[in-house]
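Each chain is listed here by its residues.
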Amino acid sequence: MSKPADPKAKNTIVMPPATDFSRRSVLKAGLAASTLGTASLWNSADAADPKVLNYLSWPGNADPSIVGEFEKQYGVKIRIKEYVGGDQMMAVVNQSPPGTFDVVLADAEYMHLLKAADFIEPLDPADYPLKDLWPEFQKFPLHWFDGKLYGVMLDFGYLGLSYNTKAFTPKEVQSYSVMWSEKAKGKVGFFDWYLPSMGCISLSNGNRPPFDLDKAKFEALKKKMFSLKPQASGFYTIADIFSSMTNGRAQLIPGIGEWITLGLRTSGVPVDTIIPEEGGLQYTESLSIVKGTSKRDLARKFIQYSLTPRAQVAMATKVDNRKSIPSMPAWKLLNDTKPQEAKLLRMELKGPNVMDEYKAKKIQLRQLPKQQSIEDWNDLWSQFKSL
Amino acid sequence: MSQPVAEPVPHRARTAGSQRVLPAVLGLPVFLWQAVFFAAPLVFLIVITFWQVKSFRLEPAFVLDNWERVLLSSPFQRALVHTLTLSAVTTVLALVIAFPAAYTIAFRLPARLRDLAVAALIVPIFSSYMLRIYAWQIVLSPEGLINTLIGHLGIDPLPMLGGAFSLQIGLLTLTLPIAVLILVFALSGIDRTLIEAAENLGCRRSRVIAHVLLPAIRPALLLAATTTFLLAFGDYISPLFMTGSKPPTLSILVVDTVKSGSQWPRASVVGVAMLLVLAVVFGLGRWLGTRGTGKGHS
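As they're listed, the protein sequences go chains A and B.
When we follow this note's numbering, the leftmost residue of the first sequence carries the number 1, and every step to the right adds one.
When we follow this note's numbering, the leftmost residue of the second sequence carries the number 388, and every step to the right adds one.
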């Protein structure tokens, strides 16, 4: 990546001099062009504007219902750059000049890659209300490196087996083995992302933790996956998961959760999610401050705001993508103000709630592969799809 | 004082320069456009097939690893065979359906209805293809329109969505109107006296079609075939939304490869391979079009 010419314009991409047509300069120009193609629909003026907080995040997280109050309170504008999937996020990060973003929301398993890329900076734990989080999440392992905190949990959710309640009973889906049943032939849909999908198949193979596999276990996972292929109805993007569950094309989908089925269920689609006896996965979305930001204070305030009970409740009750939230005061506020939502989201303080599975140790953290490369798992996923 | 009379410039001499310059000037924007937005990206596409990705970041290099990894991988080989097969099937189906339709429109319909039919073929081309595919999902899905209707008749739901049938429906939605239009225009341009002559000489309808119409529109048939093939070969939407990427086509493989670790170089290898296949198909079509005509070009 070319170095910025002017420190004040940190995200200016410097092209080689017009007269220099060496091979290296042509390659650099090409690289700059590719960078422009992926990251630079971003307005460079926003990076320096103190009234704009640049936020790299999954879609929908800068909805006015969630960040509107913050914008009003601090007289700033949140400008979001959306990505779908951790790999895409890493590509944007690696192709963006320093100072492009102020805050990043990442799936927690990518946090060590962000740290390795020197993209995020350590946080002062005293700045954030970590003691308000459920005890299980106060020292969340994927957020700490060498005793330093790099991310704060914004929300989380469980991934298990989602199913059509007209076609399958809760008893039938107690185990992932239902995916191999005669009844499920041609009805098992897959979220087209290797990590959660292969994670659940790994769990069904008895692997705990599901992403730390030696050679033999990885080979066994491959066999198990390939045996599932005749059952597959298709491999879906997020948008197509909604339609395939609605129109009945997919009646079982591993590796997704309430973040999809809850919204569908409230729209009358007969679907539900279960954490089978072999266990489920937890996804975690975390906020970090981007290294090199000129708006560190604003970024810190944004993270603090995101952990306030009101903001947390707004995040939990997002119509299109409901989440579980880690803040206990936020649970209390939810129960006090929206008891029906608390019940629907299984976040009731009295009675069964989403923390039960966690306490029962049925939940494994979604993590990147430990003993193989991301590429190895991706290649296996591609092979599985092409069978 | 009388003014000297200018020597008249011969017409040929006056226009000789402009005949050379004007076409060059008029053609320059197109040439530049193609150079900047087609040739240069194409060269760049080829160049980055030799680059590498480190920590999700594209880095200039000269490695053959991407070509090796892609061309020798079973997902690529399977996707290539699958994409070629489905494009060939779509081409045959499109021609088999398009020719009788075009024949009817060109020869059987009165002028007003013919115009309406042509308009009906053109209008969908300007509507969103994605939207049309979503509409097919509603029609073909397990709980869709057809299955709901036949359910009332006591018939079990038909598994229409998610297989070769629905995929061909999607691809024909994209290609058929274009194939029919090409053939309609070709048939409309045929010299009717040839048909009348053949009929006066006692040829039956089938013989007229086989020996007069089809040879007369051979270039259009090849154009329809290659257009259909090219569109089907590169389509991403139908394979994704009508079959759920099962199995993946080359277009889906390109997207998957980029999604998986930002492997732009490997995705570019797939892209270049697709372009090579299309070049071969295009060349084949051109060769077939000129074969037997005694011309070096169509």
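Calculated from the structure, these hints are not laboratory results.
Built from N, CA and C at the ideal position, the CB exists for glycine as well.
It is possible that part of the hints are untrue.
Stated by the list, open to error - 25 Å max Cα-Cα, derived BS3-like pairs, lysine-lysine:
1) A:K361 - B:K441
2) B:K646 - A:K222
3) A:K370 - A:K217
4) A:K323 - A:K81
What the hints assert, rightly or not - Examples of chain A residues lying across from chain B (beta carbon under 10 Å, computed):
5) V84
6) Q340
7) W381
Next on the checklist: Does V84 of chain A hold up as a contact with chain B if the rule is Cβ-Cβ below 10 Å?
Outcome noted: 9 Å, holds
Next on the checklist: K646 of chain B and K222 of chain A were given as a pair; does the straight-line alpha-carbon distance stay at or below 25 Å?
Outcome noted: Holds, at roughly 21 Å.
Checklist entry - Regarding the pair K370 of chain A and K217 of chain A, is the alpha-carbon distance no greater than 25 Å? => result 12 Å, holds
Checklist entry - Minimum Cβ distance from W381 of chain A to chain B below 10 Å? => result Holds - the Cβ of W381 of chain A comes within 10 Å of chain B, reaching about 8 Å at its closest.
Checklist entry - Holds or violated: are the alpha carbons of K361 of chain A and K441 of chain B at most 25 Å from each other? => result Outside the cut-off at roughly 36 Å; violated.
Item to check | Pairwise hint evaluation, K81 of chain A against K323 of chain A, where the allowed Cα distance is 25 Å at most | outcome: 21 Å, holds
Checklist entry - Close enough to count: is the Cβ of Q340 of chain A nearer than 10 Å to one in chain B? => result 28 Å, violated
Violation of the numbered hints given earlier is confined to hints 1, 6; the remaining hints are satisfied by the structure.
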